[in-house]
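> Using the sequences plus the hints, can you model the full thing?
Protein chains: 2
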Amino acid sequence: MRVLGVDPGLTRCGLGLVDGATGRPPTLVAVGVVRTPADLDIARRLVLIEAGIVEWITEYRPDAVAVERVFAQHNVQTVMGTAQAAGVAMLVAARMGLPVALHTPSEVKAAVTGSGRAGKEQVTEMVTRILKLPERPTPADAADALALAICHVWRGGVTNRFQQAVAAQASSRGGRR
Amino acid sequence: MRVLGVDPGLTRCGLGLVDGATGRPPTLVAVGVVRTPADLDIARRLVLIEAGIVEWITEYRPDAVAVERVFAQHNVQTVMGTAQAAGVAMLVAARMGLPVALHTPSEVKAAVTGSGRAGKEQVTEMVTRILKLPERPTPADAADALALAICHVWRGGVTNRFQQAVAAQASSRGGRR
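Top line first, the protein sequences correspond to chains A and B. Each residue of the first sequence is one higher than the last, beginning at 1213 in this note's numbering. Each residue of the second sequence is one higher than the last, beginning at 1213 in this note's numbering.
Careful, some of the hints might be misleading.
Stated by the list, open to error - In silico contact screen, one side only, chain B against chain A (beta carbon under 10 Å); selected entries:
1. I1254
2. A1255
3. G1293
Don't read these hints as lab results, they were simulated from the structure. Note that the structure is predicted; figures quoted are calculated from it, not measured. Virtual Cβ for every residue (Gly too), placed ideally from N, Cα, C.
Right, here's the structure in full:
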């Protein structure tokens, strides 16, 4: 399963691609950021973000896209732009036929560090270790995008195992009928 | 000048098209809403909104798009979806080469009713009168989209007159050099 994680933002939109499967350590495919100039109007910044995500999906063909869920109470000054960048990521993924998942920052932190209240430093550190990277991914938005992708692979794994268990249970019941 | 006003929303995204010029009363071109089902995931709802706006722009060829500016402090439960619908409208307009303007709700109310604190009823009433409509446009989102378009035509008129004055001043100065 190849997952594109998106840490949304207008100035820097983090993109992190990971290959993973249940019971195997995930591996890095690609990581980077789409940057847009602060002096451009927001409409054109969204166009640049759209183009960047389309390019990544076209080049790397992920199976799913995981986007950070944005909350209204976070950093009021930038939250609208962040929400709109997240909306563009969801739009592009759905338009290209990919399943979209949203994960909250604390779900992502808990998945990679074991604590939903871990700091940015700790998330970057754990992403570096989990993916066995020679150095820490920078900027933090890129590391966060990888953490989102890892979180999705691992949570997706759990869902799949659960679904498999349900399916197995259903078929064994069916067999006994 | 033909303006498409967009009152953003996931459940109902109001669209209102108006033709107008400085010193002449604006006229209605078209009005409606893009609706998306509440049981669809947000990513696919954004895809439907995008498709609806692309269709309107392709059919009616506006010269500009005016979108309501969304604030973080408004109705926290729905504000993220509203912001994302607004983002999609801005994205589509910019991608199709159209200028995008944002107007605050109080700018729009002030433009059509004379008061920035007018109620929804009053806005609908004034839009009906200004455009000489045989009946009130419904739902309220459709009336709000028309109010946005009227606001933009009128404010655009002011901007254009100012720019013309500046240009005239500059050319008369140039002539004296």
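> It remains to establish, for every hint, whether it holds in the given structure.
Now for the hints, and whether the structure bears them out:
{"no.": "1", "hint": "I1254", "result": "holds (6 Å)"}
{"no.": "2", "hint": "A1255", "result": "holds (4 Å)"}
{"no.": "3", "hint": "G1293", "result": "holds (9 Å)"}
When held up to the earlier numbered hints, the structure conflicts with none and fits them all.
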